[in-house]
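So the sequence shown is numbered by this note's numbering: it starts at 1 and just counts up by one.
Think of the hints as simulated: they come from the structure by calculation, not from any bench. This structure is a prediction, so every number in the text was calculated from the model and none was measured. Be aware that one or more of the hints could be misleading.
The calculated label-pair distances, taken between Cβ atoms and stated as ranges, are [stated by the list, open to error]:
(1) LEU70 <-> GLY205: 44 to 52 Å
(2) GLN618 <-> VAL230: 19 to 27 Å
(3) GLU541 <-> ILE16: 32 to 40 Å
(4) GLN618 <-> GLU476: 32 to 40 Å
(5) GLY191 <-> THR481: 43 to 51 Å
(6) PHE547 <-> ASP605: 30 to 38 Å
(7) GLN348 <-> LYS75: 42 to 50 Å
(8) SER340 <-> GLU586: 32 to 40 Å
(9) PHE91 <-> GLY205: 27 to 35 Å
(10) VAL125 <-> SER340: 18 to 26 Å
(11) PHE547 <-> ASP584: 41 to 49 Å
(12) LEU58 <-> GLY194: 51 to 59 Å
(13) GLY217 <-> GLU544: 24 to 32 Å
Using N, Cα and C, we set each Cβ at its ideal position, and we do this for glycine too.
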Amino acid sequence: MKQTRDFLRIPVNRIIALILVDIMSIVIAAFGALYVRFDFSFAGIPPVYIEKFEHVILPNIIITLLFFTLWKLYKSVWRYASANELLNIIFATSCAAVAQTLYCHIFGWNMPRSYYVIYWFILTVLTCGIRFGYRILRLLNSKRDSLFGKEKKVNVMVIGAGAAGNMILKEIESSRDLNLQAKCIIDDQPGCHGKLIRGIPIVGGRDKILDAAQQYGVDEIIFAIPSANVQTRKEILDICKETGCKLRTLPGVYQLINGDVSVSKLKEVEIEDLLGREPIEINTKEVFDYVSGKTVLVTGGGGSIGSELCRQIASHHPKRLIIVDIYENNAYDIQQELLSKHPTLDLQVLIASVRNTNRINTIFEEFRPDIVYHAAAHKHVPLMEVSPNEAIKNNVMGTYKTALAADHYGTERFVLISTDKAVNPTNVMGASKRICEMIIQMMNQRSTTNFVAVRFGNVLGSNGSVIPLFKKQIAEGGPVTVTDPEITRYFMTIPEAVSLVLQAGAYARGGEIFVLNMGKPVKILDLATNLIKLSGYKVGEDIEIKFTGLRPGEKMYEELLMDEEGLKKTANRMIFIGKPLEYDTEIFSEQLEQLILEAQQESKDIRHSIKNIVDTYQYDM
């Protein structure tokens, strides 16, 4: 397939020109062989051999061109010619020479025996020269442009002297469009230090990165070790970011396996590359088994988590996917994306508020979803501190109404997207999500629907998270604002979090609060510092970091589990089950109705009512 694509890229006029040049080469090789055989003298060539030459040359041209075609000498993209193409040339010219020998003997046009060897040699040299000459000229032009400053090249350091690094170097060498110039290679294998790959020196291991970057004037570093484990990757990238160079890396080892390694496939090094956590794996079969063929509804389907849920659900072949969101722009974006990637997907996108009882009931009555992922929520902590009643109306009331609809219309499974801020909450948003968890546990006792909650920390790149804010601040020249130098948070990528949510949904039996293993907490200051360095700036010189103090309702650190909840393992080491808290559901039900009523009446003392329900809620009186 790749060869076909490459062939299609070759203009027809270039193929014709190559054939005409090959015909000239065949004639020159044939006559040149006679010239060499008879002591480099035209006059010394016997007339009988001149006559034989005239009879043999046309069939020889046809036979040779056929062998050249058979060995794909007109399909190869010679700007990327390698040892494989060289072997093809040798095989093609050898076959052509043997065929000519047989032809001459069969039809009685015998030439001197040495003629055939000389002919083969000259033809091989000419054919190689023509094809590889193109590549050599491109290389010389590139060197000339670099030498005379025609176009300033970007100096590149390649990390990794293996197959991937070699492929990257090959493309840099052969392509004039990349404007890159490899200067040095870094590899931790001592045995290769001091050697050359494609003329580029391997200057040492990771301990030489900083010195080499300065010595060679490196502008960009390419990490080309796709098989490196997470810890090795983090350690090397931690060093690289101190150079102030632009960093790029291969997305994964699968590209090396497929031979799909190129500069175009490189991606910018993102902050998640520096977290140092092993990639999260899920049992896709378990997810597929319970999602496939089911009608799935996602509330808040246009948000960061909701949209990723929709992407992953769509890839598991649901019977129907229903997206519910109040924000039409978000809903439209995910709709267009899914329709493009999954044209056969039965997709319904509906604009609705989870607060609206009639609207939600109408949707459930019409579509009868088998599985519901409830991701609709207000999640911005400082904003909810200013508008606490809105947090209750959207988060608590919205969850309650959607859960009641799921129960009434026979939904099999209801999964609430919760947060670590629900644990010992210090803000209204976190307390509201804790009440949502309690709603789920109460509903599970009263319903045939399996109600569960999944609790996790912050996700990188989600709307309202620190990473997009930091990137915006860096683009504007700073300062980057951090609330406190000691503040920490748990982080996970959006696809990781969502895949675990789907896995937890497969484990649901009813009433569980699933807790995702978020790894080690990360200092926000470290995130800010790393992001500035990854952007090619120096902290304090180019971009400042400003400490602004904790915002209203903000914790210094987050917790994923309450002390009294305990912990139970699942089949996935990244997913745990918290022991449900004991509470009187009848009293809670009355308190819940009262809380919703107060929120609708815009109570100024809503925090007190929240405290009556969530006794771990802490707030300034």
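So, going through the hints one by one against the coordinates:
{"no.": "1", "hint": "LEU70 <-> GLY205: 44 to 52 Å", "result": "holds, 47 Å"}
{"no.": "2", "hint": "GLN618 <-> VAL230: 19 to 27 Å", "result": "violated, 36 Å"}
{"no.": "3", "hint": "GLU541 <-> ILE16: 32 to 40 Å", "result": "violated, 59 Å"}
{"no.": "4", "hint": "GLN618 <-> GLU476: 32 to 40 Å", "result": "holds, 35 Å"}
{"no.": "5", "hint": "GLY191 <-> THR481: 43 to 51 Å", "result": "holds, 48 Å"}
{"no.": "6", "hint": "PHE547 <-> ASP605: 30 to 38 Å", "result": "holds, 33 Å"}
{"no.": "7", "hint": "GLN348 <-> LYS75: 42 to 50 Å", "result": "holds, 48 Å"}
{"no.": "8", "hint": "SER340 <-> GLU586: 32 to 40 Å", "result": "violated, 50 Å"}
{"no.": "9", "hint": "PHE91 <-> GLY205: 27 to 35 Å", "result": "violated, 41 Å"}
{"no.": "10", "hint": "VAL125 <-> SER340: 18 to 26 Å", "result": "violated, 52 Å"}
{"no.": "11", "hint": "PHE547 <-> ASP584: 41 to 49 Å", "result": "holds, 44 Å"}
{"no.": "12", "hint": "LEU58 <-> GLY194: 51 to 59 Å", "result": "holds, 55 Å"}
{"no.": "13", "hint": "GLY217 <-> GLU544: 24 to 32 Å", "result": "holds, 27 Å"}
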